[in-house]
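Chemist: Sequence:
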Amino acid sequence: MASKFQEYVGQSVSVEGFFLEQAAITWDCLLNYQTSHNIKGNFLEIGVWKGKSAILSCLHAKPEETCLLVDLIMFDEAQELLKTLHSNSNFYRCKSQNFWQNEANLHQFFSSCRWLHIDGAHSGSACFNDLQIANQLLSEEGIICIDDFFNPSYPQVTAAVFNFLAQFPFSLKLFLCGFNKGYLARPYYCDNYLRYLLENFHSDLSMINYSGKITLYKTSMPGDFNCFGMREYQGKKIVGLDEDDSKIFI
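Just so you know, we're using my numbering here: the sequence shown kicks off at 1 and counts up by one.
Hints listed in this document are in silico derivations from the structure and should not be mistaken for laboratory results.
Computed from a predicted model, the values in this text were never measured in an experiment.
Among these hints, one or two may not hold up.
Here are the in silico distance ranges between beta carbons for each label pair [to be verified]:
1) Thr84 to Asn192: 46 to 56 Å
2) Ser14 to Asp244: 40 to 50 Å
3) Gln97 to Ser246: 39 to 49 Å
4) Glu80 to Asp242: 49 to 59 Å
5) Met221 to Glu16: 36 to 46 Å
6) Ile248 to Asp76: 45 to 55 Å
7) Val9 to Asn163: 14 to 24 Å
8) Ser246 to Ser123: 34 to 44 Å
9) Asp191 to Ala166: 13 to 23 Å
10) Pro222 to Leu72: 19 to 29 Å
11) Thr84 to Gly235: 16 to 26 Å
12) Ser123 to Glu16: 35 to 45 Å
13) Asp244 to Lys95: 26 to 36 Å
Under the rule of at most 20 Å between Cα atoms (straight-line distance), these lysine to aspartate or glutamate pairs were calculated in the EDC-like manner [stated by the list, open to error]:
14) Lys247 to Asp224
15) Lys62 to Glu141
16) Lys62 to Glu140
17) Lys52 to Glu77
18) Lys52 to Glu21
19) Lys50 to Glu80
20) Lys40 to Glu140
21) Lys62 to Glu16
22) Lys40 to Asp191
23) Lys237 to Glu21
24) Lys40 to Asp148
25) Lys83 to Glu16
26) Lys40 to Glu80
27) Lys95 to Glu140
28) Lys52 to Asp148
29) Lys95 to Asp148
30) Lys247 to Asp191
31) Lys213 to Glu21
32) Lys62 to Glu80
33) Lys213 to Glu199
34) Lys213 to Asp191
35) Lys50 to Glu7
36) Lys213 to Glu232
Where a beta carbon is used, it is the ideal one built from N, C-alpha and C, also for glycine.
Required output: the full structure, derived from the provided sequences and hints.
Modeler: See below:
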């Protein structure tokens with residue numbers, strides 16, 4: 001496992017921003033899964049600000065992979081740091097709804113991104129718009145991560161996500177949520193990420209000395225809602241059905 005977490009901690013410790021440690025470690029594990037399964041592709045971040053989360057994306061990106069970084073308010077120091085970490089980074093100082101107009105050759109990135117983070121304007125309409133962009137850029141095996149999912153300060157973000165999923169059930173599904181983030185993937189690839197979470201997620205946490213920090217929940221049958229939830233460690237690595245928490249189905 002080629003974890004970038006400790007390097008990320010060193011690079012980001014003095015960078016202002018809100019990115020929970022458990023969310024960063026979850027990113028690290030999922031991105032390592034992609035690397036170990038030879039999943040390649042570009043990166044997109046809508047909402048860069050000072051680069052707190054984009055640092056981890058840039059650390060995981062391969063030299064030939066492009067990082068597309070979009071924000072109307074993007075600090076110069078963020079651009080300098082991220083360009084140092086990953087030279088193949090493209091910066092767009094614009095609103096995400098104008099992203100298409102600022103990249104004349106955006107079609108070259110269609111269906112090419114393996115990791116996309118939506119952390120832009122937090123209105124329901126802006127989130128829905130950003131999901132439309134991400135859906136066009138997402139690769140077959142990629143992941144879209146939504147910021148402030150289930151955050152009670154931004155109920156409109158959660159509403160926008162479920163609205164989008166209801167309108168486009170064959171395009172995206174939610175397979176994981178917790179620590180302020182929701183994770184979406186193509187329906188036909190979700191099973192691979194669910195299987196990873198069940199079988200290997202905690203062993204990967206152990207390899208980077210993060211065992212005993214996260215509990216996964218799978219309290220429902222797949223036909224009900226096939227998604228894991230995460231909380232701070234509750235004494236068990238994985239909790240299953242309410243009637244028998246040793247039973248876990250994906």
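Chemist: Are there hints from earlier that the structure breaks, and if so, what are their numbers?
Modeler: Structure breaks hints 1, 7, 10, 11, 12, 13, 21, 24, 26, 27 and 34.
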